[in-house]
Structure formats: C-alpha cells, structure tokens
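Use these hints to put chain B onto chain A, whose structure you have.
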Amino acid sequence: MTEAAVDHLDPNWRNSHAEPESFEFDAESEAQIAKILARYPEAKKASAVIPLLYVVQKQMGRQTGSAWVPRIAMDKVGERLGMAPIRVLEVATFYFMFNTKPIGRFHLQVCGTTPCMLRGSDDVLRACKDAGHLKGYGDTSEDGLFTLSEVECLGACVNAPILQVDDDYYEDLDYDRTVQLIEALKRGERPKPGSTIGRQTSAPEGGPLTLLDVPGGE
Amino acid sequence: MSDVKLIKVTVDGKEVEVPLGATALQAAELAGAEIPRFCYHERLSIAGNCRMCLVEVEKAPKPVASCAFPVMDGMKIITDSPGVRNARRGVMEFLLINHPLDCPICDQGGECDLQDQAVAYGQDMSRYHEHKRSVTDKYFGPLIKPIMTRCIQCTRCVRFATEVAGVPELGAVGRGEALQITTYVEKALSTELSGNLIDICPVGALTSRPYAFVSRPWELAKTDSIDVLDATGTNIRVDSRGPDILRVLPRVHEDVNEEWMADRGRFSIDAVKKRRLDRPWVRQDGKLRPATWPEAFQAIATKLKGLPGDRIGAVVGGLSDAESIVALKDLMAALGSQNLDCREDGAALDASNRAFYLFNSSIAGIEQADALLVIGSNPRVEAPVINARIRKQVLNTHMPVAVIGAEVNLTYPVTHLGNGPDALRGVMDGAFGDVLRNAKRPMILLGRGALARPDGAAVLAAAWALAQSLNAVTAEWNGFNLLHTQGGQVAALDLGFLPGQEGKDLGAMLGGGVDALWLLGADELDPSLIAPGTFVIYQGHHGDRAAGRADVILPGSTYLEKDGTYASTEGRVQRGRRAVFAPGEAREDWRILRAASELLGHALPYDDLAAVRARLVAVNPSFARVDEVPAPAAISAKPAGDAAPLGSAPFTLAITNYWQADVFGRASEVMAECARAQAPTPAMAAE
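Chains as they are written, first to last, in our numbering: chain A, 1 to 218; chain B, 1 to 687.
Simulated from the structure, these hints should not be mistaken for lab results.
Bear in mind the structure is a predicted one, so any value in this text is a computation, not a measurement.
Some hints here could point you the wrong way.
Here are some of the chain A residues that sit facing chain B, going by a computed Cβ distance under 8 Å [said to hold, decoys possible]:
hint: 1; residue: Ala84
hint: 2; residue: Ile86
hint: 3; residue: Leu89
hint: 4; residue: Glu90
hint: 5; residue: Thr93
hint: 6; residue: Tyr169
Cβ atoms here follow ideal geometry from the backbone N, Cα and C, with glycine treated the same way.
One chain only, chain A, in its complex shape:
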C-alpha cells in the first residue's frame, strides 16, 4: 500500500500536521500557470488540475523546502479552475505523487516492484533507512531532510534497482552507492542523475556489446 493510502485511513490525517494559514502563487508559479492554462479551452480548464497541483507542490518545495500540497493551496487551485474544493481534493488524494502532508527536503522513493526487488531494492531500502535515519516507509527523518516512500514500478527496470529522489532517478544502485548518494544529499550536493555505474542510458553494463562494427559507430 502506498504512503498516501495509509495517510487517509488514519482517522486524524486531517489534523496530523499544521496547515499553513495562507497560500499565494509566486511569480514563477504564475508564469507556469499561464502556460499551462493556455493548453486547455476555457470551458475545460479543470483539465489543468493535475499540472496546477504540481505547480503548488514545486512552489512549496522552493519556499519551504518541503514539497507538499496544503489544503489552502488546493482551494486556490479550485478557485483558479472553477472547481469545487472537494473535486481538487479528490484528485490530490488519488495520486500518491501529491504529498498531502509535509515531507522532508528530499523525497526518497524506493521502487520495490519485482525487477527492482530481484536486483536488490531491499539493500537500497536498508541503505536509505541507515544513512537517512529513517524508520521505514512513510517516515520523515528527525532532521527534516528525508522522507521515505515506497513506490510502484518507476518504469526503469533495465537499470534496476531505482531510487527516485524528488524528480530524479538514480539507477543501478547497491547499498554502498545508495549511502554515498544520501551522504552527498546531506552535504547539499545533487549528484548527476542516471546510472551510478556509468552505464550509457539503458545500454548493457560496461558499454555496447553489439553493432560494434557499424561504420561511424564506436
């Protein structure tokens, strides 16, 4: 079960965290919103609800270091799109990509689906817990740096196991490299996303094995 799902079965999920008093879109968000709304006809602008919720989440991440969607911001999205507040809440709670309560600065999303699990996602999870001082899925570290979530298949099985940090994929991980990655995040660095063993996109490990004699190829 995903973290968001557990979230709503908790009888106190609405009161389990402090909601901000107010929310206003900043200039950067407004620019994005203008672009997004231009994609939809005026009568169908409710279609923009998912992109707008992302804009909110991004802005919260920029402003507070915690990328989540507060209720008051959902109201703002509803106002913008002429939707009843409950309709926005339905969307925001349906997709676990929207965090409906505050999270850590880095959102560690471990894929535990079959290919990743076979390739060692348990080690990745253990590394996240050890290095990030996290108790388990759904937990946020005490220093407020990390939140750990389990996610379903991220669609990068060739380079399994995967850890998604916010929007970036880190691939081909093992325990040690995961710890190094988390330590780097703690230092404020953002290692280059992608394969951690130098694999070229999704090519075979260690470089291409076929089509080596193609003229003009390597």
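Same frame as chain A, now just chain B:
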C-alpha cells in the same frame, strides 16, 4: 421525441425497439429483464463502477457493464446465462470482501439492495481471511447518519449531491482500498434535499439519523399521502407502526417530485408528537383550562349568539385541507359573515382567475422552458424539489436564469438584476430583456414574498403584464408562475376563502374589525396583532403562537391524521390519506366544524367525506379533476391592481429559516437541530 431514431436489439431472444443512444441496461429493462445494479441510477449520471450489471453481448469477448454500454442496431444481449451469473457472483464476492456483516444492527436491513442481491448472487461462505477495511465515521449533519464502513463506493451520493442537489460537497477521497466518501470539511451538508441521499444509498452507509434503530421495514404500515409542508405536492408514503408515524418517504410522480423530497417534509414528522393540542381548552377568568368538546362548543355558541355576521371572521392557515376550508366557509356563510381570508402573509393575490395564482407552466413544464425570471422568491427553500427541476433544466439546456430580489445561492448560475421593483420595471430594457424576448417559452416565477407588501397588487399586475407582453400566456404555454409556500394555500384560493363583497380582510379583522375570530390552523400570523377584545377560536393541531392567544381551542388533526384534499402550487388536486389517528380527543377538522355548526344552529348539509367532497366540486369543479394540472389557456383578463404604483423597497423572501418555516418545523426537535447546524459561524464559535 419523434425524431429519435429507434433501433432493434434482442434481449434474451426477445426483440425490442429502443432509442439510439440507450444503454444495454435500459434495453433489458424495456424487455422486462431485471438487471441488478448498485451504482446505476436512472436520474444520475452513469458511473459504471460497481460492475454488478454485467451482461453478455454477442461477439463481445467479455461480460460488459450494461449500464454504460450503448446499444447498437441488431445487438444481442444475454442477461441470464451461466457466464453472466458467474460474473455477477464474482462481483458480489468482491463487494462483500470489505462489507461488514452487521446486517442485524443495520437500519437498511430488509430494504437493502446489497442484501437482496446477495440472496441471488452471494455465496454461503467467504474465501477472504484477511482483515476487513474499516472507515472512520463522518459527520454529515443532523439528518444523515453515515456508517462508511458499509459503503461500497457506488458514488451515487456524490453524484446526487453534485448533480441534483447542486452542492458539490461530497467526494471520493483517496484511492483503491483507502477510497472514502467524505465531505470537504466535516459539516452538515448544505442542502434541503439531503434526505434523498438515504433513499439512493443502496446499502446502509447513509441512513436516517432520526430513524436510527427505530424499526424494520416489514413492521411498518404504509400509507400513500401528500406532503403539504411545501406547495410542491410531493407524493409521499407514510410509514407508521401503531399510533406512531416513524418516517416519510417520497413516492415516484414523474410530473411532480420525480422521486425526490424536501427535508422538512421528510424529517419534521417528529413534530406530530410534540406540542400537540390533544383536548379542547376554554379560557376562563383569563386562563386556559382543559375542557370537554361540549363545553368548548357551548363557549363558542354563547359568544356567537347575537353577534351580527359582519362581526365574525375566519382565517385559514396554509396547511389546511380543502374539506375543512369549505366547511368553515359554509359555516361562516350560514352565520352571515363575509369576513374570510386565507392570506396570512397578506399577499395581494387575485383569485378571480385560477391562472393568476397558479404555477401555470407546471412543474414538469419547467423542462420545456428556455428562460426564467425569478421575482422575489428563493425557490431553493420555498420548494426545494421544484428548484432541483429548475437546476436540471439549467444543466441540460443552459437555460438562462435571472433573479430580482435577494441574492441567494440557487445552486445554478443566475444573473442578478436588482433587489426591488425598479429592476422589474426596467427588466425589458436590459440584456435579459432580449433573452426573454427571444425565448419561446419564457417563465416568470413570482414568489409570495414579492406580493406580501403594500405594493403587492402592483407587483402581481406588473409580473402578469410582463408575461402577457412576452406572449407567454397562450393556449400552448403559460409562463406566469406563482410559487406558494404551503400545501393548503392554493385550495383555499380555489374555494374562494377571501373577503366577500363587503367582507373585511385579514388586516381589518385583526385590527378590531370583528368580535369573534375563527382561526383554522392559522399559525403564521402574528397573534399580537389581534385586537385585545377579540374572541379567538383556534382550531389546529399545535400549541403554536396563535393557540396561546385563543379563548377556545379546538384540537384538530395534522395532514398525516386525516383524509384531506390539497391543491399544489401548480393547481394539481391530490388526496392525502390518514396514516394514524390524531392523539387524544383531537378530531378531523371538517368533522369539528360540522359538529360546531350543529350547536350553532346552522347544521352543515354533509355528514360524510363523500358529501364534503361533492361540495368541494360544487364550489370549484377543479376539485373533480384529481391529479391533473389545468391546461394553459389564452387569457386576456388582468389581475386587479395597477402596475403603476410599484414601490421601491427591496423584495423580501417568504421563507428565511427553511427548517423552522412552519408549525411543524417550529415544534420539531430535528428541525431545531438542523437550524442550529446550518446557522452561520456564530454557532460554531459558541461550541
């Protein structure tokens, strides 16, 4: 309808013709095949999420959800085959995985779709050994008791609230196993139609709070009747057990209430037992004392003897049945009095033509209208079911609606033209004037609040003139509509319970114009206005404001305790039936008047209900046409009154507190709780 293309489909070997665009489920229904369903409801949009209505369609590889599957020409549908039954059994098993086995303590037991269909498609054991899902309870207000663990997520309630009631406050939050039906913030649903959620919920997730743990459906005696607490004429079924009325449910009447019902009619029935007058009272030495019927009649006879007819007056309230109104009218005529009035609010009504005071377009006719102008009315509280009909038309056809009067949320978009008669005077000059001019079937909806004011007659005349100028008073369409607020008001006008040639009206009677005043259920007038020396006979069912002022109290019956005839705001004459007997010594009102007439020496010439009803027809032939609405007719006459002296005071509404708008609402504890729950923020601060 004639331009709809019909196509042929075969259901279980039987060929039926259905309109193009119909669903497989509708085709099966036409063919007489019963399809089980939970999420599908013919008056709501199609969701297709319960999967119970699976059928086989020839050449389709898998069973299809018939509720969302459009038919095509020559399609062959199989509704009952081993494959279909097996598929439905599978769906039922999934539905029951998380449904609690609490039927013995569930209020839906005995009338539960899930229970019924589990008999047909359920298994005798469960293969599910894991923990069942449980959901925290929600707060939906004083009327709805949600037990959301029982919810099967059909989303009928979400669709009803959004589409019919027009209050998008319910939603399905979360996903998968964690999906829950909830409100955005936990507060009472802000609709006057919330009771219908109980009816449409196929399981026991949304049940009636006042009816919780009260009874089982098979213990109830069911009586078909009419709701008179608003003027819609909602058809109801009264469920009673012994002397108690336990609940009221709507009956289907496509031309009136479809299958909806307003909350006050449904939930204020606890008032039938509260503050009732169950024995006669007589004022002696300034204090009311219990009395017997003969004593009460004697007190009246003593007072009325020797009084000239023009010093006697009578007022009927808006919940009275036609039988008692005609009996009181005949009694007053026998006593030589022309001082009659049925307009407790003082509305300037003109009864010289039935069309002047009816909802002439008819309720079903709303669905043919193409523009609506609301004047001094809030149909959402004055007739919630009619408002739902208007909303339906607005959603279906984007009918433009404009409002003159107080700005209220009618649940559909409106243009606000102004607050008072000034806006009415200038309506044809504005942008909405063009809308009305171009409309083929414009509607003007006039509230009683717009007539209950000094310039009421002018407002009526102006609204009628507007309808005529729009060419909306023809043999095809009458666009003039008066929205009454209570179910007995139209019958009183039909019977001409109005001042005669030299008669005094309500104001004159209250202000000392009469020495004896007979109030028949007149609970809406302010008794402090009655002149001190007036001898007041109050005949009614509740110890409300007027009863306290009475010198003699005659205990009558509520609409649930008598066979009565009522005319709705559209002029539809309907019969209510007695569900239970009135408490104590209370009697049916026309019988009280018949008995009183005997003692007063003017015995009325009818002894049974049939004779009273014959008299009704004699007074107004429309009482013979039960359950019919008058056909539109071209009328060149105009209501009395001149449109010129329109005032400028803003229109006020006939009903401001929906929950406590009548004697039932004021006596009901449930309604008091609703009024508290719906009150704006101060109540919250006090908590």
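Cross-check of the supplied hints:
For Ala84 of chain A, the interface hint holds, the least distance from its beta-carbon to any beta-carbon of chain B being 3 Å, beneath 8 Å. Of the supplied interface hints, the one on Ile86 of chain A holds, with its beta-carbon coming within about 4 Å of a beta-carbon of chain B, less than 8 Å. At about 6 Å, the closest approach between the beta carbon of Leu89 of chain A and any beta carbon in chain B falls short of 8 Å, and the interface hint on this residue holds. Taking 8 Å as the C-beta contact cut-off toward chain B, the hint placing Glu90 of chain A at the interface holds, the least distance being around 5 Å.
Using the Cβ-Cβ criterion of 8 Å, the hint placing Thr93 of chain A at the interface with chain B is satisfied: the shortest such distance is roughly 5 Å. Interface restraint check for Tyr169 of chain A: the shortest CB-CB distance to chain B comes to about 24 Å, outside 8 Å, so the restraint is violated.
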